[in-house]
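As they're listed, the protein sequences go chains E and C. Counting in this note's numbering, the first sequence runs from 1062 upward without gaps. Counting in this note's numbering, the second sequence runs from 4 upward without gaps.
Calculated from the structure, these hints are not laboratory results. None of the values given here were measured: they were computed from a predicted structure. Hints should not be assumed to be uniformly reliable.
[As the list claims (entries may be wrong)] Quick look at which bits of chain C chain E covers, simulated, 3 or more residues with Cβ under 8 Å:
| hint | region |
| --- | --- |
| 1 | 23–31 |
| 2 | 70–82 |
[Said to hold, decoys possible] Pairs of lysine to any residue residues, derived as SDA-like cross-links and limited to a Cα-Cα distance of at most 20 Å, are as follows:
| hint | chain 1 | residue 1 | chain 2 | residue 2 |
| --- | --- | --- | --- | --- |
| 3 | E | 1128 | E | 1142 |
| 4 | E | 1255 | C | 179 |
| 5 | C | 179 | E | 1097 |
Positions of the beta carbon are idealized from the N, C-alpha and C atoms, including for glycine.
One letter stands for each residue in the lines below.
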Amino acid sequence: MKRILIIGATSAMAKGCARAMAEQGHSLFLCARKMAEIEELKHDLLARGAGSVSAMTLDINNLSRHKAVLETAYQELDGLDLVLLAHGTLPNQQQCEQNVDKTIEALQTNAVSSIAFLTRVANQFEQWGQGTIAAISSVAGDRGRQSNYVYGAAKNCLTTYLQGLRNRLDKAGVRVVTIKPGLVISPMTADFEKGPLWASADDVGRRMARVLLEGKQDVVYLPGFWRWIMMAICMIPETIFKRMSLG
Amino acid sequence: MARSRSRYQSWGRYPQSEQTAEVAWNATDIGAGIAKLRGEGYLPFGNGCSYGDSCLAASGQLLDFGSLDSLISFDPATGRLVARPGARLGDISRIAMATGWGLPVTPGTSRVTLGGAVANDVHGKNHLKEGSFGHHISGLQLLRSNGEVIECSPEENTDWLYHTIGGLGLTGTITKIELALKRTPGPWFDVEPTRMEQLADYFALEQETGNEWEHRVAWIDCLAPKNSLGRGWYIRARSIADQRPVPSRINIPAPALPFSPLNSLTLKLFNNTIFHLGYRRGNSYRQDYMRFFYPLDSVSGWNRLYGPAGFQQYQCVVPDGDAEDVIRELLSLIASAGQGSFLAVLKRFGSRHAAGALSFPREGYTLALDFPNRQGLSELFQKMDDCVQAAGGALYPAKDAHMSPDFFRMAYPAWEQHEAMRDPAINSCFWQRMMEDR
Ligand SMILES: Cc1cc2nc3c(=O)[nH]c(=O)nc-3n(C[C@H](O)[C@H](O)[C@H](O)COP(=O)(O)OP(=O)(O)OC[C@H]3O[C@@H](n4cnc5c(N)ncnc54)[C@H](O)[C@@H]3O)c2cc1C
Ligand SMILES: NC(=O)c1ccc[n+]([C@@H]2O[C@H](COP(=O)([O-])OP(=O)(O)OC[C@H]3O[C@@H](n4cnc5c(N)ncnc54)[C@H](OP(=O)(O)O)[C@@H]3O)[C@@H](O)[C@H]2O)c1
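Sequences and hints are given; from them, build the entire structure.
Here it is, written out as structure tokens:
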């Protein structure tokens, strides 16, 4: 039985992941901003057979609370095996272009806060010589596009941070997983026209759980076909890419 | 609460109607969603597994509950489960099965939501033994558009319970559902197929089959030659104390084609093959509950195989008395029109008093089959309707896109009371059609 901490636990994708984990009897500590949603999720996970579920509200941008959250999770779970960061915001690109504060806020939530939190987790796990660190980045971080490059830059920052962290912690026996979802139907993408490439958040979340609990991968695309799509997109020479509009 | 830009259609993809939706991702979104939609009107939406227009909003605005799918509690000691309306039956089965419980009643797809199962008071292959889905509901929370919350159960606000079970989503938004699960010996079934050479064989087998066979269904080749009308396979099954885990299934997505590969030739070939080679040549076999209950779920989006014009399902029930003659008449109408498709299914309903005021299941036999949308279909449906109506039968609203208001009001006499109890902000395309020229 694993002891798991999830930040942004009420996100549609994290929910699917937490459910799959609960159905296998694991214990969870949930952090998110809205108490009512956390409570609803807590009951759901208990009904599905979770070993134990406890929770606490957290705005991940409140960096001064990170230490206390980690300590509480450790106490409630009686240890810690896996930390998953699933929070995120998709800023409006046009607004970011006009408003520096919005750009910084997006970088803060999607990159800085995660790096701050993982800095603490990494040191702890390194000392213990075990554990799994996972964070949801995005295919958007693989290549900057005009339609969402502020978000993309933040996710790219997170991806690079995780890459370096993996390189450092491998020696200590700590696993670091970068999760790169493609297009996922969730509140975050409500305004997008949906097509055949879109996956359900529950499904992607459940696949994520499988990767984290049973897999060995370092970097995963979800669903898997995004690896090939992004490979193709990344192969386009910049001189051509800069003239394209990929939506 | 977020406006979704997904495409909303019913399972038959007919009739076409422009529908948009607000998605309730969280319980806290419901109030805001209703406040936003109640001016112009709306309809609660589950997962769109209804075939016709009963899951489409008259106003074109849906309130989508498919993502509000949390469990609230599950007690493995009593089998009592409380959940949000979007919880999928497949999800519930899987979780229940882990502690020796199962759904007492299930339709032919695991993708149906709890809310949808209640609103259409769905049935399975075991109506004789367990009645319909509504018979196992021990409580509902109903939210009216004026903000009133009605807790209903067999003890409290029984008229609201009676009109919400099978109520087609019209009495209000169901926000919580309490279901009594059933003890089950394990996830496996012993299945016994018997070949039927003609329709009379079905009725004989149905009479001779004892209570130990909880699940029974017949598959009929409605494209068979005239002299073997009603030929097919009779399948009976019972749950068995076999605890082996259920192997996972591969999901094959059906392609979205600009035309339909299903024409009278391919269908005839398919049906013929199943009749002659199908069902393991009549040998008994063991099958897990997923494959037994939900054979079609492994091909996701199979409804698209009918092409852009969509298809309609015809499902009727006819009373016990002269059922054999009526079903024979229906099958010969279909045969002479040369219109049928695969999957003509024949099942029996027991005599249990209906769980809802507008429930479809009633004592007798129910025939269901799919028809690609083609010329001549409405003429055929008219003839079939006349036949069912004359026999004192009824059509299933969850599958309907054609029934006449007169037929509906005759077969569902509680409609007037239902209309009086309808939430004034809620209406479906189906209900609007049924209430025409009153
Ligand atoms: C392959 C297949 C096999 C099937 N087999 C069977 C079968 O064997 N037996 C049978 O009975 N049916 C069967 N059906 C039909 C299906 O079970 C019903 O149409 C069911 O109601 C669909 O549920 P849904 O969750 O998709 O809801 P939808 O189709 O989206 O909606 C159905 C109704 O539920 C209402 N509703 C949904 N959520 C709420 C809510 N929160 N509050 C109030 N009302 C709500 C809607 O307004 C609508 O009236 C089958 C369908 C398919 C596609
Ligand atoms: N959807 C996609 O197509 C897609 C694709 C690639 C990657 N992703 C990434 O996947 C992850 C999950 O997203 P999702 O699609 O499941 O969307 P979602 O349901 O909208 O989840 C986003 C979550 O982040 C939380 N959050 C935002 N700001 C926060 C903060 N300051 N502190 C704490 N929590 C905060 C939100 O909580 P509140 O409810 O409190 O706002 C919400 O639960 C995100 O990292 C996202 O960037 C999504």
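Against the structure, the hints:
Judged by the Cβ-Cβ criterion of 8 Å, the region 23–31 of chain C is covered by chain E as claimed, because 5 of its residues qualify and three suffice. For the region 70–82 of chain C, the stated coverage by chain E holds: 7 residues have a C-beta nearer than 8 Å to a C-beta of that chain, and at least 3 were required. A distance of roughly 17 Å separates the Cα atoms of residue 1128 of chain E and residue 1142 of chain E; the hinted pair therefore holds under the 20 Å criterion. For the hint pairing residue 1255 of chain E with residue 179 of chain C, the CA-to-CA distance comes to about 29 Å; that exceeds 20 Å, so the pair is violated.
Among the hinted pairs, residue 179 of chain C with residue 1097 of chain E is consistent with the structure: their alpha-carbon atoms are about 16 Å apart, no more than 20 Å.
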